[in-house]
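**Q** Those protein sequences? They're chains W and B, same order as listed.
So that you can map any letter, position 67 of the first sequence is 67 in my numbering, and since no number is skipped, the others follow by simple counting.
So that you can map any letter, position 118 of the second sequence is 212 in my numbering, and since no number is skipped, the others follow by simple counting.
Since the hints were derived computationally from the structure, they do not count as laboratory data.
Don't be surprised by glycine CBs; every beta carbon is placed ideally from N, CA and C.
Below, computed lysine-lysine pairings styled on DSS-like, alpha-carbon distance capped at 27 angstroms:
1) LYS74/W with LYS125/B
2) LYS52/W with LYS125/B
3) LYS179/B with LYS271/B
4) LYS163/B with LYS150/B
5) LYS150/B with LYS74/W
6) LYS271/B with LYS11/W
To list a few chain B residues with every Cβ distance to chain W over 10 angstroms, as calculated:
7) LEU103
8) GLU258
9) SER266
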Amino acid sequence: MEPHQHNDRCKEVFALLSDYLNLELPPEACQEIEAHIAGCSPCIEFAESLRKTVELCRQYHPTELPAPMGQEAKAQLLEAYGRMLAARTNSQPF
Amino acid sequence: MERDTESELARQLIAGEPEAFDRFVEYFRAKIFHYSWLMCGNREDAEEVAQETLLKVFESAEQLREPEKIRSWVFRIAKNACLMKRRKSIFAPGRELSLDEFMPAKHQDGGRVRIEIADWSSLPDGKAMRSEMRELLERAIRELPEVYRSVILLRDMEELSTQETAQILDVSDDVVKTRLHRARLAIRQRLDEYLRGNGVEVGGKRHGTAPAQ
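Work out the full structure: start from the sequences and follow the hints.
**A** Here it is as structure tokens:
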């Protein structure tokens, strides 16, 4: 088996990996990428590390939470909400 | 909360159903806070952005014709509120990230080309994310230049589509795709350096430099 060359094709795949993982590439382009990485262990390793990065990002939520809402802030929002409901009621014929 | 449930909540809010207000405020306040905390960099601004955004939502709710678009609508308002708070980022200077800086280094190994990469194989997919990884990820996100940070927060954390993100940020779909890829590559690189450099235990397995074979 020929040793793999880290070549321009790898760079093309590298540039398209997120689009590939997001399923945002046309089918032909997906097939080309899959055909390449099937025989390219560096690209497989790299693609897998990027896929795991995306998974981690999707699972991530900050531990930081907002402070409980103060009464004044809540009253301000309730007032705006009340105006919104009133405006909608007034604009709709009974 | 799923997008369908969110849309239903928005419908209930507009219809004035009991409890919809409290549920809506509780749910979206936390979401907006998270986004703006990572964008603005401090709690005070993030809490103000959350309040201003919710206020604006109620003031302009009559413009919300399609409740199924509530998430992107709320985040568009939040993005603008964050811009109003804009200060020089304390985390990251505004700069362009290039693809080249994230290409892994390569070397010859017995006639084969190998890339320098940590052993990611036993890293858990995220469900068991440990606090160490969480902190590292958080730092990596906060260190991204602002334009990349906003894209990865909306696309990967808030799971908005490319088109929705483009509309929120007033850029093209292609710009969103480009920035998302570079943001992910930057974070991947930080995680990779960490896994290689520290050889720490993550998810119960010890990680270190991938052994040459």
